[in-house]
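Spelled out, the chains give:
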Amino acid sequence: MIAVIRYSAGNVLSVMNALSRLGKDTVLTDDPATIKSADHVIFPGVGEASSAMRYLREHGLDEVIRNLTQPFLGICLGMQLMCSASDEGYTECLGIFPERVTLFPGGRGYKIPHMGWNNLENLSGPLFSHVSPGEYVYFVHSYYVPVSRYSSAIAEYDGLSFSASLSKDNFHGVQFHPEKSGDVGERILRSFLEEI
Amino acid sequence: MLAKRIIPCLDVKDGRTVKGVNFVSLRDAGSALELASFYSSNGADELVFLDITATVEGRGTLISLVRDVSRTISIPFTVGGGIRSEGDVDSILGAGADKISVNSSAIRNPGLIDTLAKRFGSQCVVLALDVRSNPAMPSGYEAVIDGGRTPTGLDALSWASEAEHRGAGELLLTSMDKDGTKDGFDIPLTRLLSTSLGIPVIASGGAGSMEDFREVFDDGKADAALAASVFHFHEIDIPELKEYLRKERIPVR
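Line order of the protein sequences matches chains A and B.
Position 136 (the first sequence) corresponds to 135 in numbering that gives the first Met the number 0; numbering is contiguous.
Position 135 (the second sequence) corresponds to 134 in numbering that gives the first Met the number 0; numbering is contiguous.
FYI, nobody ran anything at the bench for these hints, they're computed from the structure.
There's no promise every hint is true.
Stated by the list, open to error - According to the in silico footprint, chain A covers these stretches of chain B (three or more CB under 8 Å from chain A):
#1 72-79
#2 92-100
#3 155-167
All residues carry an ideal CB built from backbone N, CA and C; glycine is no exception.
So that you can see chain A by itself, here it is in the shape it has in the complex (with noise of 0.2 Å):
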């Protein structure tokens, strides 16, 4: 069972509808037990960091999400989300990843949101096991991560790198919106679901 977890972070259809056209059963839950038992969690999440965490913390979603152990992934806020915290709303968060979420920085010719298809580089790891460097998906987002040793995808915004994709353990994120990236986003849904 694949458990998407529904919190107060933005819509979650695309995720769902993304699911459902690669054949895939979803449960959309908040229920702990249910995340607990399912062999793949998923975490969507557009929004703003900071009540996003006071949400989860008020229905003790953190703890559960810190101690899960099958795959994981975070998408775009909630891959922000796994790391120790984020300059938005200064956000303590979960701190799956030892790494701090900053925002783009302004002027100099940068129009923030970062919006639109951007390639990726310095693949590793198993999502992207069916990508080739240089392939396009699709991002929207103000705040990035730095890269870091955890790094399993790259991506560069006028002149600016930053980690499009995080993974550690059974721990995933990717930056991107897979369920919004055509052809790839559905490989590396695959290779996540299928292969990990």
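Model the placement of chain B on the given structure of chain A, informed by the hints.
Just chain B now, with coordinates in the frame of chain A:
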């Protein structure tokens, strides 16, 4: 490197495409869903649906179209046209659209942008701005509404900046002087807004040739370019357009 986006625009009424579409590949030439699905698998980076339905029943049809499109395609799409309230946006995003665009309703009630950005996030609030040149305006351009018929007295650049500060996450900029002419995008207008604002700008109005797209990216500094008829009538094929742009050293997916 961030790619420049190519965006077909579908005008829909009662859930069907309005402008004639002559694709032999479509079983139902008026089906917005079939056309969306075709573009999604043929190189479009995003889609925009512009709803011109006036009736309440038609709005219901729009919502079910949005739901079907969201189930079917795997690229982002924006829905605009007639959006006036938080409730309108809630039902369109709830049906699976990624972004909504507001135009005249935001000019009449600028606070709508703040409300929508706060509740749904800037990333899904697109300001659609129709513009005509007007030398009396400080920037040389005036915001217009009602399909270009009604001048607003607002300077296009200052209104776009205000909308950005209120929380719009993207600008869909249409030159009403160029719209329908097929003699190229309004390059000075696009460059002025794209280099003055800190949000992405989608250029629209005037696309006639592949060269027009190169020009709006190179000289107009647009982040994305939108067109309708050149795609619908297959005068420009998106995979060919991208091949051409790639040769011209413009980053495309």
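message: Hints numbered earlier in the text: which of these fail when held up against the supplied structure?
response: Violated hint: only 3; rest satisfied.
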